[in-house]
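Given the coordinates of chain A, work out where chains B and C should sit on it, guided by the hints.
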Amino acid sequence: MFEAISLRTLLILIPALPLSGAILTAIFGPAILRRQSHWPTVLGLAASCICSLMLAVKWQGQLPQDGKAGQGVEEVVTLWEWVGIPQAYAPSPATGLAAIAATENHAPLDFRIDVSLRIDTLTATMLVMVTLISTLVAVYSVGYMHGDEGYWRFFSYLSLFVFSMTMLVTVSNFVMLYVFWEGVGVCSYLLIGFWYRNPAAAAAGKKAFLVNRVGDFGFALALFLMWMTYGSLSFHDTDTVAGVLGARRFAGELSFVGGGVGTAICLLLMAGACGKSAQFPLHVWLPDAMEGPTPVSALIHAATMVTAGVYMIARCMPLFVAAPQAAWVVAWIGAGTALMAGLIALTQFDLKRVLAYSTVSQLGYMFLALGMATLGGVTAGMFHLFTHAFFKALLFLGAGSVMHAMGNVIDMRRFGGLRHRLPITHATFAIGCLALAGIFPLSGFWSKDAILAAVHDQAHATGASSYRVLYGMAMGTAFLTAFYTFRAFFMTFYGPQRIPEEAGHHAHESPKVMWIPLVVLALFAALVGPMLEWTHAFAHWLQYTPSLAMMAQAAGATGAPAAFHWDVAVTSTAVAVAGVALAAFLYLGHRREVAALQYVFRFGWMNPSEAPSDWESASPHAAAVANVTRPGGHPTVTGHCPSDHPSGSHGHEHGPGLLALPARLLKAVGCGLWSLLTLPLWLGQFVSPYQMSHSKFFVDEIYDVLIVGPLRGLAHISYVLDRVLVDGLVNGVGGLPVRLGGWLRKSQRGFVSLYGLLTVVGMVLVVVVSFWWGV
Amino acid sequence: MDSAGLPIFLFALIALAVPVGMIGLGALIGPHRATAVKRMPYESGMDPIHDARRRFDVRFHLMAIAFLVFDVELLFLYPWAVASRHPEGIDRILQVSQGLGERGWVLGGVLVFLALVAAGLVYEWRRGVLRWR
Amino acid sequence: MPTSLDMLFRMTPEILLIVGAVWIIVGNAFAPQRAGWWVMALATVAMAGWALAQQGMPVVPAPSTGGESVHVGSADADSVVVAGLAIHDELAQAIRWFAIVLAFLLVVMASRAGAESLFGEQLGSILLILAGIMIAASATNLVLLFLGLELVSIPTYILLFLGRANRQSLEATAKYFLLSILASAVMLYGFSFLYGSTGSMDLSRISANVREPASPLGAGGIWTMGMVLVLLGLSFKLGSFPAHFYAPDVYEGTTSVNAALLAVAPKVAGIVALVRLFLMNSMEVHPFLWHMFLLLALATMTIGNVCALWQNNIRRLLAYSSIAHAGYMLIGLAVALAMWKTSTGLQGASATLFYLVVYAIAVLGTFAGLAYLASARDEIQDVEQLAGMGRSYPVVAGALGLLMFSLSGIPPLAGFWGKLGLFASAVEAAGVSAAGVRSPWFLVLVVGGALNAAIAAAYYLRIVRTLFFRSGTQQLAPEGGSGARNVAVFAALLTLAVGILPGPLLVATRNATCGLNRDRAPLMVTAAPVSSGHQDSIVTRP
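Residue numbers (the working numbering), protein chains in the order written: chain A, 696 to 1470; chain B, 1497 to 1629; chain C, 6 to 547.
Among the hints, erroneous ones may be present.
As the list claims (entries may be wrong) - Beyond 10 angstroms from chain C on every Cβ pair, some chain B residues (computed):
#1 Ala1511
#2 Leu1512
#3 Pro1515
#4 Gly1517
#5 Arg1529
#6 Ala1530
#7 Asp1547
#8 His1557
#9 Leu1564
#10 Phe1566
As the list claims (entries may be wrong) - Per label pair, the in silico range of CB-to-CB distance:
#11 Gly1501/B to Pro417/C: 47 to 55 angstroms
#12 Val881/A to Ala36/C: 55 to 63 angstroms
#13 Leu466/C to Glu1197/A: 36 to 44 angstroms
To be verified - Partner residues aside, some chain C positions facing chain B, computed with beta carbon under 8 angstroms:
#14 Val27
#15 Ile30
#16 Val31
#17 Ala34
#18 Phe35
Keep in mind the hints are simulated off the structure, nothing from the lab.
For glycine and all other residues, C-beta sits at the position ideal for the given N, C-alpha and C.
Next up, chain A with everything else stripped away, as it sits in the complex (with noise of 0.2 angstroms):
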């Protein structure tokens, strides 16, 4: 039986059962099925994942055995014809930029866009991993999602996103890629405002969908100049046309365009990327998307649908091979996010906002190893982003679950020490942690080495200093890491115990549907990675996709990805191991943090009379910790003066045997650090460094004064101008008619000579005008 269903069949069942299962559960949800609306959604989506995996099997077999690098495989199986227009486009050598197009002998080319399915390792992984998390994500939902109103709707926008992002890793042509790059943002906008009512909800799925066409635009533009370019839209070769990353080109029969053109390809491509992926400087949608349900937040802003980005740069890898600046330009950009996220995760309160934040830093980190543009680069990026879904999910639905037992309070000031209450949350969440800060032996470990490792082999095969300090942000960001999530985790599940009063009594674990897709996931993220990294199984496998296999023939007759560096790995232990003591340090136990932070950041160690002082002891309306940890507050800035902060003087003494050693080391990071990166803005007496966190680097708060600012005043000059001249000409020009046809309303009935007269005069208008303009 197994045998029996060709991959054709696969192909078009993995696509097509979360469709039916969301036209099921719209057409039934509502009336019929009710409080059973999650069946046809998670019976869909399950043998949708059965499906993959069959799928990943049989390819399996299909490969090549005897490994030899450089070749690729690929199946297309084109289902029908959607537009086509023959001879839509003739490149001439006066057009110019046809200079390497599909035919050589400037014959016209047919559009032609195909709906057509293609399995290549690249998307038999995307697809495991896409249908795997949202079946589990789908059974935790039947959890969290119990007794919402929406809760058929739910389901239906569920699965209908499964569709849509199972169809945007399968289709083989830029244009369908494009169409489902826009399904998955349509299902992303519908699921962020899922309780609509809620006025934030709404605004964040309005941003979500606003700032993603801005990087659309950019997607769109790389099609137009692909199209113009390649004279193909397609992946793969059709029987007339070469495809933009189809096997003529691999086989070198023809080029890639390279150069200024190839370049802004890449540039509007990563554009593209930059807003689904959440990337600087359009990453600001991704935490406002938090307002989402839970598993949403899980499935679609962790561990799925912001790795389009990730994938479709994959994807287009030979293009950024052609073209190294784009490449360089990918990697800076993946690096300079990863670090600013993780500096922004230091400082949230909200625990989906830290998780999230997370997950922009992790994605910055697979654009770094994908811009290395080498193959180690490209396969450590897709190992990570297959790691990263796991145990992000895991963490996500960890903090639902959280959120769940304290009655949707997310502020992890306001609970603490529930090791206890959630004694499954707190060991499955405990791994997801240790997989994200990357301790061995877990996922995240095994996966963020095999970047550092790209990063480093590309420091040293070019010896640019540019990779070295990309080498340096990564190792930085990979401490930040290990930091905030640490410092997540000790604020919600150790400390005394706090509840708040929202919670009422469901504070105790989540029911059985609830946490068996927590353990599931648990045991996903601490064992894919050692199993799939012992052998480099992952990067073998992924090599066999016809975009990866160019680098790894140019890679050469080995093509193996990055190797083990043991310096490497050892680095990156010792720094996730310094991230996590730092956490415990400042939050197990006493809570320290505040007292450190006003020790450091307001240089208290120049000021001996200040004493630090303990947040736990500390007034809670305390100007102090009010001032750093108030979202939007004003920073008071006067911070020497002891009055100031009227609590830090009857805070708890802490032994300095205690604090020496910490104190003296934050002194010189601090001094030496902050001191230099921010000592303009202190002296400017404008805002502190932990407020810059805070308030994540005010990107915002920038994007308010230089874009929305200037287009709310210029939508509002807009507005008085439409008001008063447009409107003014529409009523005119309107209102002529209008006050025309009143008067013929008037004097219509029985004057048909009227029309009569009015036809005639109108001809000899017509044929007055024409005479005029023409003769």
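Frame of chain A, contents of chains B and C only:
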């Protein structure tokens, strides 16, 4: 426009000039002696002053239209009858433009025409147009 | 050489339709019965379709792909049959097929229209009108063309009279009748100019004589004047400026089935007549002519859309919308006329035909939906009457919504491809051209068209909003019959299908137009100038 427009222009001019001239001349030259009878629209018998929307029996209209229709149809037969016997008539035209040689088609053509008219007559009769109740 | 039998064979579909129509009209006077004659009408249409199928389509060679020189070739001259006054080329066959489809839809839709005793007249008139379209589509002679156009007009008067027997309906009939006669007179006047300037009623002779420089009258004033008058006369059929005034009153006054027929049949006939007369006939185009098309297009769509914005009566709104759509179609004709010798011109003509088909299906479906929702006594008049239909009649309301989206040209639907083709051809005419007339005025046309499309979206979407997002104040009792509902749903599905797979229809319309310049040199896609061949006629005759 080239010179071809000139004849049309002259034609239009003359067409305009003749009626305007006639009416104008009449108004200028003719004697004006108005009496009460002369100022009535119709001088013959019928009282011209009554409601313009007075109803005529609808049967008049039906009859008139039926007569008109069949009268016009009959008119079509005259040119056919004349031309079908004439060597330079319909025959020739048909020969040239369609390759229809046989006279039978000419007869057949008019028979189709007559059949259609007959169908009209049957319809009219059935609908009761011809009945004067 | 075509024989007389050949001619009869070629005209069988039309003959069948006419005989069937007469039979139904007379027969119904004897045995007034709704269902029987309805089936009879359907059978007539089916027989006509069968007869048409026997003739086959002229074979158009598929454009070769990947070859070195690509011709969007014209069909074999052998497969085009010229019979008497008629020519059955790709265009004629395509329109005849389309007329059969329209006839079928209209008959199905009219399953409950009008009074039972006059139901035969209703069906018969529909069949006659469609026969008229078929004749007009295949005419190569002014007389036959006029005959076809009148066969569209005269049964329309009867149909309008057969509508609801109230004051408004009678008034609409009278208006339509008088204005139609005026338009016909103007057109006939134009025909007389054409005959006068060239000495022939035959389209090919007319064009041949005009092209001869030695001809005493030449391509000069009288011939041009004739073409202008014909265009203005036909503008009544199209419902375009300056003869559009009748549309709102008449649509408002008559039934939905009749309105559908009015919105579709004369437009099809008018467009095909324009294509025949102007594209097949007038090769040495005076720029004056396309100037006029361009002006008419701009004026028509602007008037239609701007007036429709302010309408609360849905029938008047749709009337103005049909005026606006006539304007869009004129865009393509203007392009075709200005650039006839290039691929752009071909694209303009085929885009017009594509638009015509898409528009006809959509508007037919819309009026079918309204016919279904109407009660036995009153038609739907106010847009507000549709409020809440989305909830009470989701299927029909969904179909109407889809059709509104298509009419406003929203992407996944057929209307989008129609507008895209028209605007694309105009853009091409404005910018990239090596031959033909390149004029920035086409840019004005495109901008005007785009603005109009935006305006139009407003009132179409208002209908959609009313359908789905307003709660109904009054209950309607739909009594239009399931036939009308089925046509509405079918049209919506067709619109969706063409929107998703526009390919076949695009190819079909392209093939329909490519026979028009058969006597030109093969058309180069790369828009190279083509020598203006002076073969003297389109049809070859022994």
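Outcome of the hint check:
no.	hint	verdict
1	Ala1511	14 angstroms, holds
2	Leu1512	17 angstroms, holds
3	Pro1515	20 angstroms, holds
4	Gly1517	25 angstroms, holds
5	Arg1529	40 angstroms, holds
6	Ala1530	36 angstroms, holds
7	Asp1547	19 angstroms, holds
8	His1557	14 angstroms, holds
9	Leu1564	15 angstroms, holds
10	Phe1566	16 angstroms, holds
11	Gly1501/B to Pro417/C: 47 to 55 angstroms	53 angstroms, holds
12	Val881/A to Ala36/C: 55 to 63 angstroms	58 angstroms, holds
13	Leu466/C to Glu1197/A: 36 to 44 angstroms	43 angstroms, holds
14	Val27	5 angstroms, holds
15	Ile30	6 angstroms, holds
16	Val31	5 angstroms, holds
17	Ala34	4 angstroms, holds
18	Phe35	6 angstroms, holds
Of the numbered hints listed earlier, not one is contradicted by the structure.
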